[in-house]
Each structure stands twice: as C-alpha cells, then as structure tokens.
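Asks: Each chain is listed here by its residues.
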Amino acid sequence: MSAIIELDRVSFRYPGATRDTLRNVCLTIEEGDFVAVIGGNGSGKTTLCKTFNGLVPHYWVGEFAGEATVAGVDTYDSSVAELSGTVGYVYQDFQNQLVRPRVRDEVEFGPMNFGMADFAERGEEAMEALGITHLADRFVWQLSGGQAHLTALASVLAMRPRVIVVDEPVAEVDPAGAHALYERLTQLNREHGITVVVIEHHAEFISQYAKSVVLMDDGAPVWHLPVAEAAARADELATHGIPAPQIIDACAALDVAGAPRTVAEAAALLRDAGAVPVGASSAVPAEAGEEAAEPARAVVTASSLSHGYRTVAGDLMPVLHELDLTVDAGDRIALVGGNGAGKSTLMRLLGGLQVPRGGTIVLDGVDTRSTSSARLADHAAYLFQRPEQMFLKDSIRADVRLHPAGRGRADADALVDHVLERVRLAPFADRDGRTLSGGQQRRATLAIGLAMSPALLLADEPTASLDVASRDSVIAMLEELSGTIAAAVVATHDMHLVAEWATRVIVLEQGRILADVTPRELFADDALLAQARLVPPQIVALGRALGLDPVPLSVAEWRDAVAPTRTEVHA
Amino acid sequence: MSRKTRDVLSVEWVKLELIRTAYATRGGLFAKMDARMVIGWYLMLAVAPWLTHSFATIIALFVITAVSAALARVGPLVLGLFLFGFVTDFAYAFLAAWLFGGDAHTAIALIEINLKLASVSLASIAAFVSLDPEKLSTGLLALGAPELLAFGVSYGYRMMPILFEEFGIVFTGLRLRSAPGARGFLGLRALWRWGTYAVQAFYPIFLNTAKSVRTTVESLETRGFTANQGRDLRIARLSIGTLDVAVVATTAVAVVGAYALGAQVALG
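If you're matching them up, the sequences are chains C and B in order. Each residue of the first sequence is one higher than the last, beginning at 1 in our numbering. Each residue of the second sequence is one higher than the last, beginning at 1 in our numbering.
Hints were generated in silico from the structure; no laboratory data involved. All values derive from a computational prediction rather than experimental measurement. Some clues are possibly wrong.
Lysine-lysine pairs mimicking DSSO-like chemistry, simulated, CA-CA at most 27 Å apart [claimed, not checked]:
(1) Lys4(B) x Lys32(B)
(2) Lys211(B) x Lys393(C)
(3) Lys393(C) x Lys15(B)
(4) Lys4(B) x Lys15(B)
(5) Lys15(B) x Lys211(B)
The task is simple: from the sequences and hints, build the whole structure.
Replies: Here you go:
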C-alpha cells in the first residue's frame, strides 16, 4: 500500500481566529484504508478533512503552514477544482449539498461542470454502484433522508474519486439508512479500492466498519491505530467523549479482556471466558407501575383516526388508517417505525396542529376539532425535529418566555429562570439558540416545551444527530422531567432512547399500530423487530444471545444482572 | 367553530400548486417542447398584441393565448390569481375613468388594453408553467445567458419547496407559542396577527437558511461549478423536434390569421 494522503506539520488558522484550529498535524493515510476520524467537538476533525480536498487553504483562506500532499499533488499549489477529482466530500448536512432539481441532474452535475463528455455514463455508473438508479427521475425534495444521502454520495462518486470523505454519516438518517450507507462505503472500499474517511462519533459503527482510527484532540492527531488496537483503548476514548460500544462495556463489567467488534464476537468471547451469566433474572427489579391499582387518567384519546395528504399528482395518500390510541397520565411512549410509517403525522394530530380527516381526538378533555391549534398549545407542546426551527427569537430566554408571557402568566419570568436552570442552560440564556452545540440546542427546545406547562409533551426525534454523550444527556434530561408533565410521546429511531427511557413502545407500520408493548417485550420479539426493521441496542442483543431473562435494557441493568455471576467466575 | 382538513384554498394547497406549476408536473403540450422554442413561441405572442389597434385582432389573439393556456394545463391557483387581477384591474380603471367623466368609449378602450395585457399574461403563464427548472435554465444558457443566471434560476426553484416548508414550520411555531387573541370583526384581528407572524418568521428563516447555504457554496466549489466547463455539454442536450416546429408554425399561422381577421372585420 502507498500513501494517498500525507500531511507534514500542517497548521491552519481561520481568518480572525485567535488560535490554530490545526496544530502541527503529521498524518499518513494509505490508499485503500477505511479511516474513522474521531474526537470531541472542536477538535478539528472537519477542518482536517477539508485540507484533503483543498477547501483549506484555498476556499477558507487562512494562515496555512506545512505540507499537504494528496495523491502526489501538493494541495497548496493545486486548486479545489483539481483536487475534487481525487477527493469527494459528503457533508453532514448533505441535503444542502444537493443543488439540482432531479437526482440524475444532481449526479451528473460534477462531471458536467468539468466538461467530461462521458458525464451520462459516469452518472449512471455512480447511481448503479449505490443502487439508486430507480430514483434517477425523482425530484430531490421527494427523497427520504437515506435516499438523499446516497444521492449526495453518488454525486461525488460520479467524479470517480480515489478518496471519499463522509462527515458524520449517522447524524441525519435513521439507523437502517446509516447501516445501508456504511455497507455501500465498505463495498466501494473493498471492490473499487476507494479510500474512505469518515468522521464518526458512534463507536459501534467504527468498530464494525472502519479499518483504522485517527483520534483528534485540540487540533492534532493523538494517534492513528488499527481499529482493534484503538477499540482496546476504551478509557482513553471515553475521556475524549467517545464512550465505548456497549458490548465492550459489557465485557469490562465481567473483567473479560478483549475488544469484540460485533455482538456475536462478544457473546463468543464471554462464553469462552466462562462468564455466561445464568439465572440472573432476580437481579432485575420488576417494572414499576405495571400493576397500577386504578386506571390512569387519559391525557389524549384518539379514536378511529384516519388521515392522509394530497400529493403533487393530486391523489390522496393515506397515512393513518382507523387508528385507536389512548395515552394515559404517566406514560412515556416511544413511537417507532420506518420513514413514512405515520409517526410525525400522528404526533401532529395528537398535538392539534392539524385535525384528522376521520375520527376524533380528545386532548386533555378538549376535542381538537372544537378549538384552534394556538389554544391547544396550552395542553400539548410539540417539539419540531430540527431545533433551529424552534428558535424564533434572538435569545434562548426570549424563546422560552414567548409562550408563558403571551398567555399572561404572572410568574412568567420566574418560570423561565426555573426552566432554564433545570435544563442547565442558564449561562447561555442570552445567546441565540443557533449558536449553541447540538446537545444544548436540544435541551433548549425541551426548555421551550416545559415552559408551556403542557399535559402532553410531543417530541420529534429529540436525539437525532447528537453525539453519544449529548444523546445520553438528553435522555437523562427527559427522564428527569417526566415528573413535570403528565405524559410524553416521542417519535424516534433511537433504540437507546427506547430502551432506556420509554415505558411503552408503539410500533407503527403503514399507518396502523403493529404493536403496543413494553420495551422489554419489543426486544424479545424477533418477528416484530424484523417486521418493523428495528435493531435493538447492542446490550439487549448481547443479553439475548446469552439467554438472559429478562434482557438487560441498559449497561447498568447488565451490571446488576451479571453481578452474582461475576463472583462465581472468580470464586 | 369546527376545524377540518381542507384540500383547496389551504396553505398546503398553495404549496402544492406552486410546486406543480414550477416543476411542470401537470405535463401539457408545451412541456414536451424544447425550451428555446417555448421561449421563442412566447416572445411571438408577447409582442403580437402591441402591434395592432384592431379590436377583432386583439380578441382573436386573446382566444389563441387562452387556448394555449388550456393546452398547457395551467393550474387553478395561477389561473385564479390571473382572473382576479384581470377583473379587479379593469374594474378599478373603469371606476376611476367613470368618476372623471368617462363613458362607454372609455370602457371599450380599457377593455382593449386589458385584453392585450391578458393575452401577454396568458402566454407567459402557458410558457413558464411548461418549463421545469432544468429546461428553463438550459434554455437560457442556449440563448446566451451567463452561467450564473442559468444556475440561479434552477437553484431558486430547488430552494422554493424548502423555503416553503421552513416558512410553514416557523409560522406554525409562532402561531402556537405567541399570545392567542380574538378573531375580531370579520377576522381582521386574526388576519393582522398572522401578518405579524409572517414578518416575524423572516428572522429565523434567514438565519437558518444562511447556515445551510454555506454548505451549498462550498459544495458548488468542490463540484467544479466555478470551473465552468460544462456549458457546451448542457446545450448539446437540447434538440428541436417536429412537435416544436409544428406548434410554432401553427401559432404563427394563427397570429397571421388574427391580423387578417382584423383587416376584414372592423369592431369598435
């Protein structure tokens, strides 16, 4: 193997910045490698990757020192256009990367701009390699997140690059989509020898797909190691904000050394070590609240709910069919199901943002047809998927204050202070929400919802596009806040959120309720998981592979479950 | 008060209609044509009404453009807006003329100028409803427009559904979270409130869009947009077929016929 990217003492400072974003970076990436770049927020991961295609220093003109060579070309003497033939870049917010109306135009755009006569052939080839030929004539705004991501990838692939950089592929697509993308990247890497560089937070994807790992800290690589060695340094990763995959934590809890890459490997490793926990069922406490003495108050009731949308072609596309659902006080519901299953529609109807075409919804004693959505906002708070869509004012405080002050609550200011304190954002109260980090933005939207003092909190994908640490903090916060609101419904793809937070899971498929179960029941039902295309968290899968009953839903539960076994092993 | 889901005259409907119009999803006769020929066809009908004072010719031209609009399958929103504009424009001009001592002759003169305007409007509606963004931008390129303009046109179309979606969400947020109030006389107070929300919605939309455009600009750079060597390739994709020639020829004959009619029949 020969090096395709070589950085020699590269430093870079953005114009106007007071310190270097990249500091003396020395890094070599071999051709054909599959590299994961990891590191905390602000460690310079993205800037590093932008030196590969010359955006740094040609587009971002700052102070550049050192030497960067890509495929034998010194990037300083080259141009973004020239380097783009070698290095393709897929952005984290890939939707904004799509600039043409239809998929085919989009994919052919690059080759066409460079005057390549075989642009059509290249486009066709790229779409075929990613299995999206059937989408060629779709408008880009019709695509689902996963499809749009593949289109963005195809559009850089059409340039036949030798290196592809993908910035946080998991951020904006569902887990099934993310796995599909990684499979495609692996295929490109294996069959076409394309070097792949991903910026990634999720240890489970890194250990499953990457060949080597670069850990960035404060503008410089700490090390560049093969993935097995990197995974073994779990503690070091944890200090840089990359918690170990659950299976590695699980092995550590049993003092079993090793860095399994998949659940099957972990199960085999634990069996070989003789550390298979048996008969630990008593260790997990029975779920509280399962045998409630009296029926709980219904917060929202939907009966024979039907709804649909008009399409561009003019026909009515049904989304929900004759659906019945009651949300009781105390419920923490996770609404799961693939894209297009009707999750968002159901939530919008429950919150009274829209009224159903058929059936009725009674929210907190009020028929949603009988009053305006603005009045219903006193009963239900709806948190949109992208936090910035909820930042309507120029500071977090003003945003949180908007609802209570508008309703003339005398204690509005005290309430705002209290809520901001609870989500630990008081120090940032006067900043515009858009300037906060991803996790802080989510907490700010939670604050907005809380200040509305709703009976029902509805949140659309509250943990999407967060790194693991921020995700855990949002889950913990949801957990803490459950006392304040009567019931919460969360639409999500995040099985960690389902496992660790929900008390009730509603599986939607094609507008019907496929199952209404507890998380434990969901993860024990293979047929249901397969039908809803859900992948349980690693710890659940591991617990099942080892025959634990009940299955642990979190690493903490795993520790409790295996605690008795652990003493046996060492006895 | 009882809320229900409406299929027409709702915000959702306006959005769908705009998308259908912009992306020419209804098809229609001119949607199958070469963009250059559509633009040429349009220019012919846009100029013709101004070269005559014959009332018969003007009426005939109006009929030609009205038939074209029907063949182009113009949607109800655009057609409705056009009719509304046409009728109110005439009514207000006539009212003004009448107040200042006008009579039936004034009305005829007003009808004449309004019919000319209407013909041109209908022709432009028919043409632009039939051009999807890619066609329009390639057509402009072929007619010598700068690359940046052609791209801007197609990118503008690309952004439209996104901005519409964004506006809808921000507007909903404002409506849900701001102080509710009475509807007022004829719903005027509600209308005023909604107007305020619409203006307030611009602040978040601007900032959210500005952030996303940064990625777009960078990505354009990496994909050789500024390298700008694709002009010939794009233009080479256009081709003029029999349909194009037939449509333009038929229209030309019809326009000549309209003038001939004007020479024969004297109206007004």
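Asks: Each hint: holds or not?
Replies: Cross-check of the supplied hints:
no., hint, in the structure
1, Lys4(B) x Lys32(B), "38 Å, violated"
2, Lys211(B) x Lys393(C), "16 Å, holds"
3, Lys393(C) x Lys15(B), "25 Å, holds"
4, Lys4(B) x Lys15(B), "18 Å, holds"
5, Lys15(B) x Lys211(B), "24 Å, holds"
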